[in-house]
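Next come the chains, spelled out residue by residue.
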Amino acid sequence: MNSTARFAISLLLGVVIGLGSARYLAGPSNPLIRESHGQWFTWPSAGHPDSSPYSQSKYLLAGVLPEHFSETVTFFRQHDDAGGRLSSQCNYVISMARPAARRWAVSLAAPDSAPTSVLTQNDVIANNDRIEISISGYPQSGNWLGSNGLDEPYLFFRLYDAENILNRGNDTFELPAVKLETCS
Amino acid sequence: MNTSRAFWILFGVLTALAVHLAYILFFPASQLADQTEKLMEEAGANKLQIAERDNAAMGFAEFPGELVYAVCAFDLASSPLVMRAQVPDQYWSIDIYGPRGETVYTLNDQQAPRQQLTLELHDADPDPQAIVNAANSTGRNMNAITVLTGTRTGIVIMRSAGAGPVERQAAIEAFRASACSVTR
Numbered sequence: 001m002n003s004t005a006r007f008a009i010s011l012l013l014g015v016v017i018g019l020g021s022a023r024y025l026a027g028p029s030n031p032l033i034r035e036s037h038g039q040w041f042t043w044p045s046a047g048h049p050d051s052s053p054y055s056q057s058k059y060l061l062a063g064v065l066p067e068h069f070s071e072t073v074t075f076f077r078q079h080d081d082a083g084g085r086l087s088s089q090c091n092y093v094i095s096m097a098r099p100a101a102r103r104w105a106v107s108l109a110a111p112d113s114a115p116t117s118v119l120t121q122n123d124v125i126a127n128n129d130r131i132e133i134s135i136s137g138y139p140q141s142g143n144w145l146g147s148n149g150l151d152e153p154y155l156f157f158r159l160y161d162a163e164n165i166l167n168r169g170n171d172t173f174e175l176p177a178v179k180l181e182t183c184s
Numbered sequence: 001m002n003t004s005r006a007f008w009i010l011f012g013v014l015t016a017l018a019v020h021l022a023y024i025l026f027f028p029a030s031q032l033a034d035q036t037e038k039l040m041e042e043a044g045a046n047k048l049q050i051a052e053r054d055n056a057a058m059g060f061a062e063f064p065g066e067l068v069y070a071v072c073a074f075d076l077a078s079s080p081l082v083m084r085a086q087v088p089d090q091y092w093s094i095d096i097y098g099p100r101g102e103t104v105y106t107l108n109d110q111q112a113p114r115q116q117l118t119l120e121l122h123d124a125d126p127d128p129q130a131i132v133n134a135a136n137s138t139g140r141n142m143n144a145i146t147v148l149t150g151t152r153t154g155i156v157i158m159r160s161a162g163a164g165p166v167e168r169q170a171a172i173e174a175f176r177a178s179a180c181s182v183t184r
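Protein chains in written order, with the working numbering: chain A, 1 to 184; chain B, 1 to 184.
Any given hint could be a false lead.
Pair ranges (Cβ atoms, derived) [stated by the list, open to error]:
no. : chain 1 : residue 1 : chain 2 : residue 2 : range
1   : A       : A177      : B       : N2        : 57 to 63 angstroms
2   : A       : A110      : B       : Q31       : 51 to 57 angstroms
3   : A       : Y138      : B       : L14       : 19 to 25 angstroms
4   : B       : S78       : A       : N127      : 55 to 61 angstroms
Read the hints as simulated data drawn from the structure, not as lab findings. Note that the Cβ used here is the ideal one computed from N, Cα and C, for glycine as well.
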């Protein structure tokens, strides 16, 4: 193999590896910037003045600017509690204690899109401080989050006044469970 | 391993490293710069635009089903920016970002529980008189807050609760009564 071929192959491999690793580490799967809580994930450095270039990149590449870390904390997941990928073909039940936040919201979004289906604390009926929300492509009685047309959606759980909530410690903080009910 | 092979492996590794760093450090910031430029072309520099379907400000909205957004791209080259914010009686926040998406300043309804306020954005100015003037102007009006941004250009994002029609309408009305402008 002559020098020109070696140069071309080294350059090509370098570009592919450099670009691929950068895109992976600037994406939502980056294990270095995301924190996991069961099937839920969050980026604790989002909106933090000292956030790493990777954390910043994740947002800037999506064209958005994160809220300040003291304002909100966003948890997201793409799987139910059993590890199955969320699907608009299936019904799920979200179960949680009423969050001790001044505001909160659960929403569903297609990958790389803004959420289209949103429920906040103003929209739900609670039963003895427990909240159950159905996720389904079809209207459900009680609290319903529509998943119609969302293929492999992301489920978001957002808490406002995040700094106060997270400073209380994890023992008083419960993330919602997401249980698969039926699939069509 | 012969010297030639080692050289080309090293060349590939260095290329990958250079491409990786270039992508992480420059590409996201250039994406934000493009998006800011689009907003400036559409709304003008130092003008507040409420995020609505398909406009440039909507590009900055991460959770548009949950929050109402208004965005102002600022350039302090000619003079400080004055942002007169009318805020609704519900959750709101104002975040100022630098050109790389870094948070410069943040304020929310619990930190400033009032219906209107004025933010004066000054670039970091070594002239002590400018700081004295800014402090004096704050003293004249208890609702005026002086922010030394440390950057000439950036983005201001106002957010307010907007999941339900009532709070969405309140947010839109407040943001319509708000404005960004330069002082001269």
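Going down the list of hints, with the structure as the test:
Between A177 of chain A and N2 of chain B the beta carbon distance is about 59 angstroms. The supplied range of 57 to 63 angstroms therefore holds. At roughly 21 angstroms, the beta-carbon separation of A110 of chain A and Q31 of chain B lies outside the given 51 to 57 angstroms, and the hint is violated. With their beta carbons about 56 angstroms apart, Y138 of chain A and L14 of chain B fall outside the hinted range of 19 to 25 angstroms. For the pair S78 of chain B and N127 of chain A, the supplied restraint of 55 to 61 angstroms holds, since their beta-carbon distance comes to about 59 angstroms.
Violated hints, in rising order: 2 and 3; the structure is consistent with all others.
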